[in-house]
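Asker: Chain by chain, the residues run as shown.
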Amino acid sequence: MPPSRRLPDLEQLLGRIDRRLIYLGLFLITLAPLVGKWSLPLYVSRPPQLLYQAIEALPPDKLVVIASNWDAGSQAETRPQLIALVRHLIRRNLSFAIICTAYPTSPQLAQSAVEEAIRLESAPDRWPYGTRWVNLGFKLPDDPWLRSFSSSITGAVKVDVHNTPLAEIPVLRGVKRFGPEGQVSMLIDITGSATIDKWYEFLGPTKVKIGLACTAVMAPEQYPFLDSGQLSGLLTGMKGAAEYEQLLHAPGFAMPAMAGQSFAHLYIILLILIGNVAVLAARTRGRRR
Amino acid sequence: MSSPFTFEGAVLWLGALATLAMYSVLYRENPVYRIAEHVFLGLATGYGLYVIWRDVLFPIWYKPLFREHHWPWILALVAGGMYYTIYSRRFAWMSRLVMTTMMGLVAGLAFRKFYGQFVPQIGASFKPLVVLVKGPAGLDWPGTLFASLSNVLFLVCLISVLTYFFFTVEQRSPLVRRTAHTGRWLMMIAFGAMFGATVMARLSLFIGRLDFLFREWIPLIR
Amino acid sequence: MGVVLLGTGLLFLLLGLGAYLWGPHQFRDPKYWSAFLAGRATVGLFSVLILGAILHARQGGPVYVRRIAGLTAIDETVGRATEMGRPITFSLGLSQQLDIIALQALAVCLHVVRLAIRFGTRVIVTMRNATVYAVADEAISEAYTAAGRPESFNRADVRFLSDRQFAYASAAMGTIIREKAASNYMFGEFFAEALILAEAGNQVGAIQVAGTPSTTQVPFFIASCDYTIIGEEFYGATAYLTREPTLCGSLMGQDRCKLVILGCVLIGILVATAAALTGHAGSVAWVKGFAGLFTGAK
Amino acid sequence: MLTFPILVFAALSVALVALALLHQAPTRVKRALTMATTFLAGLFYVVEFFVPPDPATSDAVVFGRNLTEMAATVGQVTQVVAGFTFLLGIYNLVFVHGYVIRRRREGWPNSVAFFISFLAMVVFSFWRDWKTWFGGANPPAWVRDPLPEHAARPHDVYTLLFDGLYRNLESTMFSILAFYIVSAAYRAFRVRTGEAGVLMVVAIILMLGQVPLGMALTNWIPASGQFAFFRVETLSQFILTAVNGPVQRAIGFGIGLGMLAMALRIWLSLERGTYFGQEE
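Chains as they are written, first to last, in the numbering used here: chain P, 1 to 289; chain E, 1 to 222; chain X, 1 to 298; chain G, 1 to 280.
So here's chain P without its partners, still in its complex pose (with noise of 0.2 Å):
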């Protein structure tokens, strides 16, 4: 009898780990960073850097609309990107206003997703709903509507999410136009969706600066608009949010997803190892013999 039916050797051991291990160790190494908050330091790459330089030039007095069009299917990636954003904007003390375009669910979640954020700065008192931000809900976006949208807020908009009539929002005041001549400063797109083709057809020739933050697998697409300056700053997935939540100094869900991100790219690649480590045993014992 060959001594590996004696104990058990190191190929069967390293190379045959049952499967249900393995997903465990997936599922404890990407929940622990986000249970105990643990971020790794991030290296902060240029789009980033370039959507906090925009927004730290804007105007003090003008409004800035955030397009939230995302919905639970990419909630990891985009929900960190919005309320990182927004906790920006508060520190920069500028209004804003919500408006989703791509599915009727992301009114509801952007509305969580700012009041976490606005927790998160410890500000429910300077951040009143309605005097400092609005939400103005889910529209159909198709082309005559955006044409009107482009060129007059209030005019494509009448009420709020709660049915409010806009002109008893003292936030939206005077709003109507965007662009420098206008009164919105910004736009910016936190999209899991392919809305941004159509702010630069309708808001382009406005000259507002467009913003984007949306998901890994649409920003290769994006690169070039960013190289023409028609996007100001962009957001890559859930390592934009935390390169962005670096930039704040304020971890929030992202920098802890990252890690877990790390570690778990770290635990396939170990694996990798292992498994690797099992052929050569066998192959070492094979020429013992």
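To be clear, the hints were calculated from the coordinates, so they are not data collected in a lab. This one's a predicted model, so the numbers in the text were calculated from it and none came from an experiment. Keep in mind that the hints are not guaranteed to be accurate.
What the hints assert, rightly or not - Once the Cα atoms are required to be at most 25 Å apart in a straight line, the calculated SDA-like pairs of lysine to any residue come out as:
1) E:Lys63 / G:Leu67
2) E:Lys134 / X:Val271
3) E:Lys63 / G:Thr3
4) P:Lys62 / P:Trp145
Knowing the structure of chain P, use the given hints to seat chains E, X and G on it.
Answerer: Relative to the frame of chain P, chains E, X and G by itself:
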């Protein structure tokens, strides 16, 4: 943790239970997963029917026919009905007639698809093997070398992978054989890259679920 | 071959002449014809090359077809399923409508089914689109009739699962695991769910063969399947399996087209290189014009 | 207005009579007809494609007929006819699961669950929108919640089914890929052959290049300078653009040609016997 007896709470709890039931398949295929799978299938089929009616049959068939009275649309019903003869031996030829007509349409569309998708890539492949990159002080040598080598690599990849896909040429000549072999290796590099680049997106999905389970449902993550 | 080329050429000439003489005034505008030449001529040329090769093969011209690794395994997989007394599962992919990819997947599927009928082994075929289901049901039931065993055809073995991507994935995974598939085939168009199906097959220890033109999913098939058929091999599969002259000739035509592409690219690259080195304005313009033949009008 | 039902009835009768007449025709005729319809159907798109477009509108016009506009209609007809086949798919599901329940096959309660959830979804989705399609009374609030403050999440049964169950089932199934990608990597990336080795090494480089912890490994290499290329994120970007790009393009050429060739064979019915017609 919110109460399951409000509407919002009910949505949350249903979602959480559905999530856990689906994940249970990671341990092994089990009765709970089986129920979840069939519920999912039922809901998806119902939803599919709803979407087909809402997005296709109502706006482009029912409305023109019964509201705007474009009577020829009734013939679409006949054509659609002909599919249903697959269950009858005698009338099955009708289903074949409509199927082969559909196949003909599909085939006809392929020409434009090839034209739109692949032909432009031929023209886009005309990259010079030498790219002279100008720096502030004359020629930027490292830049030139890098850009040129990238384009050479491009050509090598294109030729060798295309050679791998030659089916009716016997690979007798060692040159052809080696080129095809290189093509296979280069493909493996590309596939490895695609695999590695996808991991992050998939993990993001899982982190999204963790966010749902442990922030919205059980508030572990604050 | 010559006749076809000549005939097609003549047809186009006549069409062009007719259009010029009796067509609307735009036909007399040279821009019209440059728009036509941009790209369409390439598609036309490729079609003629392929048709010519098919005719050559149909008239008995010799065609060699190289080995396609995964396809040699089909006999083995069917045999294994028979020995183990377990079924074969076959996914026709996630095409959202009846399309060329689904039809090719069905052609491979029918080959497996015909073999399985001879061995008396069950094949469970699943798909995502109802039109594909209708065609598959009809074709498979006819395969049974043609083999003289119409009574063995079980309608419940051709299954439309769902038109929703992940509902399909979940149901297909359940099917593969519960039926304890001895072999699992995945042919057709696949998206992210590819790995779910492949891992399910892996869990029950099925021999897995996958073939797809969806290049992004090939890495995951390579990781989880025993055999993976890549890219154009997917379309070459039926030719390799059946050795039908039409199909083999078609493969030969495709190879000729690839030669043309290679030739064009090489010429383009050489002139582009010369242009880059010398900065000669004429060659720069020539490369642009040559590339314009392929990228030109919409 | 009366003309409409008459026209519909006439069109239906003509179509059915034509089918009945054809049914009497011998197999040879039917087969010829099949080939002819395939060819004509394909010919439409082929002509629409090969006719040089009007430079002004980029529409293909033949003898005063705008084929590009007609193609849009043909596309709609195809969509509608394909839409009708969906019921065929549902028939198949009902057949399979009904069979399991009738015979009390193993796992029949699952099939019952299928029927219940299917019917619930159909009833509540159609009931909810019935008025927008066919008019009639407003559905009750638990079928369609009219309150504007619930616009984001209406408190009705459809939302409960869709947001509560369907959406979560779907995203969970999608996210299972995270687990499977790990187990597939562990199992498959073993250096048994050179090819597997290449696959593994490149995948590892790319994985490192995606996350901060991986980038930290090569962070000591200066970001600008001759060796910047070997920083893991630069290297992985290079592999993606300089190798993956052209390889995918070359694979794409083959796939495109395969598709074109197959389309030609189907259009001209050169591939007889592949799908139907083996029995004769």
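Asker: Taking the hints in turn, state whether each one holds.
Answerer: These are the hints, each one checked on the structure:
1. A hinted pair counts as satisfied when its Cα atoms are at most 25 Å apart, and Lys63 (chain E) with Leu67 (chain G) qualifies at roughly 24 Å.
2. Between Lys134 (chain E) and Val271 (chain X), the direct Cα distance comes to roughly 21 Å. Compliance with the 25 Å bound is thereby established for this hinted pair.
3. The hinted pair formed by Lys63 (chain E) and Thr3 (chain G) meets the criterion: a straight-line CA distance of about 17 Å does not exceed 25 Å.
4. Pair hint Lys62 (chain P) plus Trp145 (chain P) holds up; C-alpha atoms about 23 Å apart against a cutoff of 25 Å.
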